[in-house]
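*Asks:* Line by line, the protein sequences are chains H and W.
The number in the working numbering is simply the position in the first sequence, starting from 1, with 1 added.
The number in the working numbering is simply the position in the second sequence, starting from 1, with 10 added.
Hints are supplied without guarantee of correctness; some may be wrong.
A partial selection of chain W residues facing chain H, derived with a Cβ cut-off under 8 Å [claimed, not checked]:
#1 Ala13
#2 Tyr16
#3 Arg17
#4 Ala19
#5 Met20
#6 His24
#7 Ala25
#8 Lys30
#9 Lys36
#10 Lys44
So, partial list: chain H residues that the calculated Cβ filter (under 7 Å) puts toward chain W [to be verified]:
#11 Val8
#12 Arg17
#13 Asp30
#14 Phe118
Derived by calculation from the structure, the hints in this document are not laboratory data.
These numbers come from a predicted model, not from an experiment.
Ideal Cβ placement from N, Cα and C applies to all residues, glycine included.
Spelled out, the chains give:
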Amino acid sequence: MTEEEVVQKFADTVYRIALIRMKHPGDADDVFQEVFLRYVQSGKQIRDEEHLKAWLIRVTINCCNSAQSNWWRKKVVPLMEYTDLKEPVYEEPGNEIWEALKKLPQKDIDVIHLFYFEGYSIKEISRILHGTETAIKTRLFRARKRLQTILEEGKEG
Amino acid sequence: MTATDYRKAMEGIHASEELKKATIQKMQKQKITKRHVSRLRYISIAACACLFVFWGGYYYHAQYSRIYIKQVSSLEISSGSIGVQTGKVDSDTGKKDIFITETYQNREFIPEALWDTNPSMIRGRKVYLCFEEETQTYYAAAKQNGKYLLFQGRNTKESEFVQYLKSCFTE
Numbered sequence: 002m003t004e005e006e007v008v009q010k011f012a013d014t015v016y017r018i019a020l021i022r023m024k025h026p027g028d029a030d031d032v033f034q035e036v037f038l039r040y041v042q043s044g045k046q047i048r049d050e051e052h053l054k055a056w057l058i059r060v061t062i063n064c065c066n067s068a069q070s071n072w073w074r075k076k077v078v079p080l081m082e083y084t085d086l087k088e089p090v091y092e093e094p095g096n097e098i099w100e101a102l103k104k105l106p107q108k109d110i111d112v113i114h115l116f117y118f119e120g121y122s123i124k125e126i127s128r129i130l131h132g133t134e135t136a137i138k139t140r141l142f143r144a145r146k147r148l149q150t151i152l153e154e155g156k157e158g
Numbered sequence: 011m012t013a014t015d016y017r018k019a020m021e022g023i024h025a026s027e028e029l030k031k032a033t034i035q036k037m038q039k040q041k042i043t044k045r046h047v048s049r050l051r052y053i054s055i056a057a058c059a060c061l062f063v064f065w066g067g068y069y070y071h072a073q074y075s076r077i078y079i080k081q082v083s084s085l086e087i088s089s090g091s092i093g094v095q096t097g098k099v100d101s102d103t104g105k106k107d108i109f110i111t112e113t114y115q116n117r118e119f120i121p122e123a124l125w126d127t128n129p130s131m132i133r134g135r136k137v138y139l140c141f142e143e144e145t146q147t148y149y150a151a152a153k154q155n156g157k158y159l160l161f162q163g164r165n166t167k168e169s170e171f172v173q174y175l176k177s178c179f180t181e
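When you get a sec, could you build the whole thing from the sequences and use the hints?
*Replies:* Shown next, in the form of structure tokens:
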């Protein structure tokens, strides 16, 4: 698979995780590029697409984690707070699930997305996220409950 | 919320075409840079290896096979005890008339002109070499096991004399 084919094939998978994790399209773009550049750097030649997909998901999560714990990012304050500049307009999905996901903790987002959208089994998720099956099962149960509560609160509000 | 709701919500999220294009361009650029870097790495490794070989050669030359031969006059060389055989004489059996080795207990029996030359290194040993043109004789002085050795090579070539010295120090 060429680089272009890899990007075309897995762009949406990577972008979705980056967006729901970073909660900001601009940051998601950065993570997206970082993931594919890491793919080139690693020089990986994976024949099995499923394996490559799992690797990309793992790298996306890692990139999001390091972007969020970045020292520079923690210290940075938006320019708009000090100037008259307006915040750039990004296109967000803008639906109630997206809004609810924004309120969920990172770890919960991972399991929910991998289970419900990517269709991975608990065993596969535990392999991707480097956790035990029991821990993933518990996390998924709690995440589902939390998401439900947030959605109900949203409806009531 | 059902799984279908979640899936529907997520299906609406796509990476933009511009983002994909920009990423592919960056990836191709990075690939070229990576290739350059890896080529540079090989070049630098080869350069280091060459440097090491040259340095090793120089070190070997400096430590084990450095030859300095000083031209001396017959007067300088006869100011010592040469000609007065006070020590043990051992001539090479095959080349009796060419090479002579004399062993002395004391350094003073060896002409001072020999010790004044820059030391040569033969098989890692300091050897002082001279050449006297009049009689076409090579002289060498060295210290071994607390004794002083004087070597002479008459009507011979420099390379043969050095070879003889090498054979003496191997034994």
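*Asks:* Now tell me if each hint is right for this structure.
*Replies:* We went through each hint and held it up to the structure:
A least Cβ separation of about 5 Å between W:Ala13 and chain H falls short of the 8 Å threshold, and the interface hint therefore holds. Taking 8 Å as the C-beta cut-off, the interface hint given for W:Tyr16 holds, the closest approach to chain H being about 5 Å. Annotation: interface hint on W:Arg17 holds; nearest CB of chain H at approximately 6 Å, less than 8 Å. With a cut of 8 Å, the hint placing W:Ala19 at the interface with chain H holds, because the nearest CB-to-CB distance is about 4 Å.
For the restraint placing W:Met20 at the interface with chain H, the shortest Cβ-Cβ distance is roughly 5 Å, inside the 8 Å limit, so the hint holds. Because the beta carbon of W:His24 sits about 5 Å from the nearest beta carbon in chain H, less than 8 Å, this interface hint is met. This hint holds: W:Ala25 has a C-beta 4 Å from the nearest C-beta of chain H, less than the 8 Å allowed. Annotation: interface hint on W:Lys30 holds; nearest CB of chain H at approximately 5 Å, less than 8 Å.
Taking 8 Å as the C-beta contact cut-off toward chain H, the hint placing W:Lys36 at the interface holds, the least distance being around 6 Å. Hint status for W:Lys44 relative to chain H: holds, with the closest Cβ pair at about 7 Å, below 8 Å. Satisfaction of the interface hint for H:Val8 is found here, the shortest Cβ-Cβ separation to chain W being roughly 5 Å, below the 7 Å cut-off. For H:Arg17, the interface hint holds, the least distance from its beta-carbon to any beta-carbon of chain W being 5 Å, beneath 7 Å.
Interface hint status for H:Asp30: upheld, as the beta-carbon distance to the closest one in chain W is roughly 6 Å, under 7 Å. Because the smallest distance between the Cβ of H:Phe118 and any Cβ of chain W comes to about 5 Å, under 7 Å, the interface hint for this residue holds.
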